[in-house]
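Undergrad: The working numbering puts the first residue of the sequence shown at 651, with every later residue one more than the last.
These aren't lab readings, by the way, just hints derived from the structure by calculation.
Incorrect hints may have been included.
Computed list of lysine to aspartate or glutamate pairs in EDC-like fashion (alpha-carbon distance at most 16 Å, straight line) [unchecked claim]:
1) 705 with 680
2) 672 with 709
3) 758 with 696
4) 747 with 761
5) 705 with 738
6) 659 with 696
Here are the simulated distance ranges between beta carbons [claimed, not checked]:
7) 666 with 735: 17 to 23 Å
8) 674 with 755: 16 to 22 Å
9) 723 with 689: 22 to 28 Å
10) 748 with 678: 25 to 31 Å
Beta carbons: idealized from backbone N, C-alpha and C, even for Gly.
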Amino acid sequence: MCRYATPYKPHFVCLVCRSSFKQNPLPPREHPCPRCRTPMINAGFDLAIPRRRDKGAWEALGAALHAGLTFHSCGCGGPGYRPRSTAEVRSRRRTAKRRGLPDQRALKRYDPWDPEPGEESA
């Protein structure tokens, strides 16, 4: 059974302030940050918030969110792999450039060199 069968509030993230707030997503409106008033990003239910002083983790989170990856899932299997450091983001972007992949596909892989199901290895 999915654990999000009851109302949960997703994490909304402000990358400028490095802060996160749980807010109600129902009204289709912009969610401004309470600190700096910039629009926050709906990151999903399963986000593990990095500490505010961990600049590298916040940069990796920003790269994942700007590539279109979020932390939404029904609670059964989790959102999958997401990079946690800037080194992981850099290595996956280099791999994406070499292999001709979009950033989103490269950033969500645990090992960027492993072929996806259905992709043939030469």
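Undergrad: Next, verify each hint and record whether it holds.
TA: Hints, one by one, checked against the model:
Our distance criterion of 16 Å between C-alpha atoms is broken by residue 705 and residue 680, whose separation comes to about 25 Å. For a cut-off of 16 Å, the pair hint linking residue 672 to residue 709 is broken: about 20 Å separates their Cα positions. The straight-line distance between the Cα atoms of residue 758 and residue 696 is roughly 15 Å, inside the 16 Å bound, and the hint therefore holds. A distance of roughly 15 Å separates the Cα atoms of residue 747 and residue 761; the hinted pair therefore holds under the 16 Å criterion.
For the hint pairing residue 705 with residue 738, the CA-to-CA distance comes to about 14 Å; that is within 16 Å, so the pair holds. Proximity of residue 659 to residue 696 is assessed by CA-CA distance (about 11 Å); at most 16 Å being required, the pair is judged to hold. Taking 17 to 23 Å as the suggested C-beta distance range, the pair residue 666 and residue 735 conforms, at roughly 20 Å. For residue 674 and residue 755, the hinted distance range of 16 to 22 Å is not satisfied, since their beta carbons lie about 31 Å from each other.
Range check, residue 723 to residue 689: about 23 Å between beta-carbon atoms, so the 22 to 28 Å window is met. Between residue 748 and residue 678 the beta carbons are some 39 Å apart, a value that contradicts the proposed interval 25 to 31 Å.
In the structure shown, a violation is registered for the earlier hints numbered 1, 2, 8 and 10, in ascending order.
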